[in-house]
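A.B. asks: Protein chains in written order, with numbering that gives the first Met the number 0: chain R, 0 to 294; chain X, 0 to 318.
In short, the hints are calculated from the structure, not lab data.
Keep in mind that the hints are not guaranteed to be accurate.
[Stated by the list, open to error] List of simulated lysine to any residue pairs, SDA-like, C-alpha gap at most 25 Å: (1) X/Lys123 with R/Arg220; (2) R/Lys31 with R/Lys122; (3) R/Lys31 with X/Gly103; (4) R/Lys122 with X/Ile275; (5) X/Lys123 with R/Leu79; (6) X/Lys123 with X/Val89; (7) R/Lys122 with X/Arg100; (8) R/Lys31 with X/Arg273; (9) X/Lys123 with R/Tyr260; (10) R/Lys31 with X/Ala184; (11) X/Lys123 with R/Ile276; (12) X/Lys123 with R/Gln283; (13) R/Lys122 with X/Leu272; (14) R/Lys31 with X/Lys123; (15) X/Lys123 with R/Arg91; (16) R/Lys122 with X/Asp271; (17) R/Lys122 with X/Leu99; (18) R/Lys31 with R/Pro167; (19) R/Lys31 with X/Ser102; (20) R/Lys122 with R/Pro61; (21) R/Lys122 with X/Arg270; (22) X/Lys123 with R/Met286; (23) R/Lys31 with X/Ile275; (24) R/Lys122 with X/Val269.
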Amino acid sequence: MDGRLLADVLVGGVAAGAVYALMALGLVLIYKTTEIVNFGHGDMATVCTFVAYAVAVQMGAPLAVAVVLSLVCAALLGALVEWGIFRVARTRHATVLSLVVATLGVALVLNGAVGVVWGHDVKTFPFLWTGPPVRVGAALLPVDQVLNLAVGVLLAAALYGFFRYTVPGIAMRATISNQAAAHLVGIPVDRMFALSWAIGSALGALAGILAAPVLYLEPNRMVDLLLKGFAAAVLGGMDSLPGAPVGGVVLGVLENLAGAYGSLELKASLAFLLIVIALALRPQGLMGTYRHRRV
Amino acid sequence: MRNPWAWSLALGAVLLPAVVPGYGLYVLTLGLIFAAAAIGLNLLTGQAGQVSMGHAGFMGIGAYTSALLSLRFAFPLALSIPLAAVGAAVVGLALGVPALRLSGPYLAVATLGFGTFVSQFLLKWESLTGGYMGLKPHRLLWTSAIPEDWQLYYFTVAILAGLSWLALRVERSRLGRAMVAVRDAEWVAQASGIDPVRTKLAAFALSAGYAGLAGALQAHVVGFISPSDFSLQASIFLLSAVVIGGLASVPGAVVGAVALTVGFQALSGVRDLRSILYGGAMVLVVMFFPGGLWRLRLNGLFTRKPVAVVWRRSRATGP
Chain R
0 MDGRLLADVL VGGVAAGAVY ALMALGLVLI YKTTEIVNFG HGDMATVCTF
50 VAYAVAVQMG APLAVAVVLS LVCAALLGAL VEWGIFRVAR TRHATVLSLV
100 VATLGVALVL NGAVGVVWGH DVKTFPFLWT GPPVRVGAAL LPVDQVLNLA
150 VGVLLAAALY GFFRYTVPGI AMRATISNQA AAHLVGIPVD RMFALSWAIG
200 SALGALAGIL AAPVLYLEPN RMVDLLLKGF AAAVLGGMDS LPGAPVGGVV
250 LGVLENLAGA YGSLELKASL AFLLIVIALA LRPQGLMGTY RHRRV
Chain X
0 MRNPWAWSLA LGAVLLPAVV PGYGLYVLTL GLIFAAAAIG LNLLTGQAGQ
50 VSMGHAGFMG IGAYTSALLS LRFAFPLALS IPLAAVGAAV VGLALGVPAL
100 RLSGPYLAVA TLGFGTFVSQ FLLKWESLTG GYMGLKPHRL LWTSAIPEDW
150 QLYYFTVAIL AGLSWLALRV ERSRLGRAMV AVRDAEWVAQ ASGIDPVRTK
200 LAAFALSAGY AGLAGALQAH VVGFISPSDF SLQASIFLLS AVVIGGLASV
250 PGAVVGAVAL TVGFQALSGV RDLRSILYGG AMVLVVMFFP GGLWRLRLNG
300 LFTRKPVAVV WRRSRATGP
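For reference, chain R alone in the conformation it holds in the complex:
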């Protein structure tokens, strides 16, 4: 294989990984603050992508408006799920496992609702940005992948800034590291939970919108993206925010390599093979910290 193709494959993998990373970031953020593994993440993203579809395609509004509205919807939905369901369940001493099962319930409800409102036929979603392929280093990239890459990098930087320099960001980190202490110094822990659900859900919606032009839109289309997001999150370390983009990019690149030099069938199951191998070697993920069991 020549170097040009290899460069295409590598950069393309990074761009694909950027979308996985967005999905993974949302999952990790929610897991870190609330200990809930959100299996509803894919369907929440689907609902919000459909909202963008409704605004942009069905109502003919500009795409930028649709994206903003969709992200606002996502944040509201995330906060609503936390306030309406998990806060109540926690006060009744629900176990973490049953909370996770509740996220499966949320996923089912949203999936059914999307089916009722928008039906099951496959819809096309417009590309956010169209144009000729762009040269990135030695590689030639389709312009939508350049956008994925740019959004991924910008958001990673924005999240870093949020957690490093803003008051809510620091409060959220305090909540993550010690809930009781955070509560004692006056941080509204409940609201931090809702905030992390809102941000996580919006990140998922953004991943959905970026992936939708390629995947097309249909109620069950995001399952694959959700699984890839999980793979990336676990690979990077479920409790590590910087781990999520690392896991996403590693997954995207390896997947693309497998697709180019192996077979496309391999590409599909590679994600999980990779997880099992990675977890066997490093049970806490690439960048996660080993947590001693709380007693």
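Given the coordinates of chain R, assemble chain X onto it according to the supplied hints.
C.D. replies: Using the frame of chain R, we list chain X on its own:
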């Protein structure tokens, strides 16, 4: 079985064919088969605290093992079904080894990967498994005629009764108590002489064996299997059955599995609505009855004793 509800359930199960029509019995039979797998998953997840999101994979292994043994090698079903359970248990043991190091979300994702791998594998190895087209295993036959729905029903009830009895015995055995100890405080268990490795491996093997047996039964009762019967959806279905029924409770697993299966079939005409009702029910049960349906206060009708809620986070703190 001190619990009067358990007795009423058993009695109801025996008398049911008198009032339920043929197709209803068939659906109940399917529910009872799922219940067998749910009891197994409950031993692993409820009792030993190890989440599995790929348990339908074991059902698939059991179903295809028994189907292929009987179709290709003309094994009698009385031999191929138990062998399917053993095969699944061996795979469960093998999966248990890497799973020993994992917990929480990592274990969930790893087992989910296992389940996805099994259904992909069944799909891709067409020469053996028939791929999408699936297999048509022999129906359960003990006479020359195709068995009636009520015969299959009683057959499944009998097997499930045996499996429940075994699970209840295990629950109260040294192994069962060791599982609870490992679930609640692994290092405390270790300090008091319990081997967590052996306990977890035993839980994995036993639980996979139950699921394998259920899969084999499903293959020979339905008479058709395909990889999509054992997909991620089926695994999630099993896990929700266990949680909705009530974790760490054998009758809870049965109630959850039967209720979910009957509801699932009854609403199969209105898929989207079914998803909404199902998901809504799951959320509401977790919100308002965290102990599951089986631990509803209905028990108070017979006894005044408060109902213990297992599987709360251990309150014990400090070494």
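A.B. asks: Between lysine 122 of chain R and arginine 100 of chain X, is the straight-line Cα distance small enough, at 25 Å or below?
C.D. replies: Between lysine 122 of chain R and arginine 100 of chain X the Cα gap is close to 43 Å, so the pair fails against 25 Å, i.e. violated.
A.B. asks: Hinted pair, alpha-carbon criterion (25 Å max): lysine 123 of chain X, methionine 286 of chain R. Please report holds or violated.
C.D. replies: 34 Å, violated
A.B. asks: Do the alpha carbons of lysine 122 of chain R and arginine 270 of chain X lie within 25 Å of each other, as the hint requires?
C.D. replies: 20 Å, holds
A.B. asks: Given the proposed pairing of lysine 123 of chain X with glutamine 283 of chain R, does the C-alpha separation stay at or below 25 Å?
C.D. replies: 31 Å, violated
A.B. asks: Does valine 269 of chain X sit within 25 Å of lysine 122 of chain R, going by the straight-line distance between their CA atoms?
C.D. replies: 22 Å, holds
A.B. asks: For a C-alpha distance cap of 25 Å, please report whether lysine 31 of chain R and arginine 273 of chain X respect it.
C.D. replies: 32 Å, violated
A.B. asks: Mind checking the alpha carbons of lysine 123 of chain X and valine 89 of chain X for me, to see if they're no more than 25 Å apart?
C.D. replies: At roughly 22 Å apart (the allowed maximum being 25 Å), valine 89 of chain X and lysine 123 of chain X satisfy the hint.
A.B. asks: With a cut-off of 25 Å on the C-alpha distance, tell me whether lysine 31 of chain R and serine 102 of chain X pass.
C.D. replies: 15 Å, holds
A.B. asks: With a cut-off of 25 Å on the C-alpha distance, tell me whether lysine 31 of chain R and glycine 103 of chain X pass.
C.D. replies: Within the cut-off at roughly 13 Å; holds.
A.B. asks: Do the alpha carbons of lysine 122 of chain R and leucine 99 of chain X lie within 25 Å of each other, as the hint requires?
C.D. replies: Roughly 44 Å separates the two Cα atoms, so the pair is violated.
A.B. asks: Verify the proposed pairing of lysine 122 of chain R with proline 61 of chain R, using a straight-line Cα cut of 25 Å.
C.D. replies: Between lysine 122 of chain R and proline 61 of chain R the Cα gap is close to 18 Å, so the pair holds against 25 Å.
A.B. asks: Checking one constraint from the list: CA of lysine 123 of chain X to CA of leucine 79 of chain R, max 25 Å. Satisfied?
C.D. replies: 41 Å, violated
When held up to the earlier numbered hints, the structure conflicts with 2, 5, 7, 8, 12, 14, 15, 17, 22 and 23 and fits the remainder.
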